[in-house]
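Engineer: Single-letter residue listing:
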Amino acid sequence: MIPLHDLILLSLALFCIGWAGILIRRNMLILFMSIELMLNAANLAFVSFARYRGMDGQVVTLFVMALAASEAVVGLAILIVIFRYRKSVRVDDFTSLHG
Amino acid sequence: MSTLSFMILAPLIVVSALSVILWKNPISSALSLVVTLVSLAIVYFMLEAPFIGILQVLVYAGAIMVLFIFVIMLINLKDEELESVRWSPQTILKLLSLGLVFTGIAFSVRHAMRALPLREAPILSDNFGSIEHIGRLLFTRYLLPFELISFVILAAVIGAVLLARRGAQS
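The listed protein sequences derive, respectively, from chains X and G. Residue numbers for the first sequence follow our numbering, beginning at 1 and rising by one. Residue numbers for the second sequence follow our numbering, beginning at 1 and rising by one.
If you're looking for bench data, these hints aren't it; they were derived computationally from the structure. There could be a bad hint or two in this list.
Which stretches of chain X does chain G cover? Using the computed rule of at least three CB atoms under 8 Å from a CB of chain G, they are [said to hold, decoys possible]: (1) 37-45; (2) 62-70; (3) 75-88; (4) 91-98.
Note that this is a predicted model, so its numbers are computed, not measured. Positions of the beta carbon are idealized from the N, C-alpha and C atoms, including for glycine.
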């Protein structure tokens, strides 16, 4: 049996890696992948607590997966539309709402 | 047995996640992300969540990652447009503060785990994590969130179609 402590530490590490990706990269595709990493870290924590406290965590994980899928779809659609106009995926180039 | 495979899987997950954010080429990042997601699915199987593990492979490693790879190929960035991490003092400062956050939370997790009465994993019934068990919960206690999620997905579908169509017109 995997100790709960190790699972939570792994989840924390995954979350921090995703966070670091958002901080240090400027490519919008990588930013979306970092968000997926952070959502997966949350999923891992939910499933590991579900092992100890009953099924509810697994059901929440299902909801998180559905949200992640819709987030990826809309985000990538926006990315493609922006790319058509700007020919770039660098988030620093997207300043038309800057005022 | 499961502890041993976790000792192999956990470093694999961390290393592949790190390579997701460090590769210069988005395709390499996407493939590393697939490795992370599949290893996580194996961890879910070890945690008595077979249905979640299957969904992880189907939805994440299957659908979402294929979507990512399609978009990467549609955009088709040239080599000179790609850039990796720029190691400025600012970046290092960001990572240092993030490391501080990580160690802080790791220590508080350690303390919290001592206080929690979760030392030993409970013996589970046979249908724990089965489709039947999850389905029963989805249609009783979680009925309202379940229905609301369908609205979210509907909104996402309409949003994606609208964005794609408006782009095609102009």
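Engineer: A separate judgement is required for each hint: does it hold in the structure or not?
Structural biologist: Hint-by-hint comparison with the structure:
Taking a C-beta to C-beta cut-off of 8 Å, the region 37-45 of chain X contributes 4 residues in contact with chain G, enough for the three needed, and the coverage statement holds. Check on the region 62-70 of chain X: 8 of its residues sit with their Cβ under 8 Å from a Cβ of chain G, so the three-residue criterion for coverage holds. Coverage of the region 75-88 of chain X by chain G holds. Counting CB-CB distances below 8 Å, 9 residues qualify, and the rule asks for three or more. Given a C-beta distance limit of less than 8 Å, the hint that chain G covers the region 91-98 of chain X is violated, as 0 residues qualify and 3 are needed.
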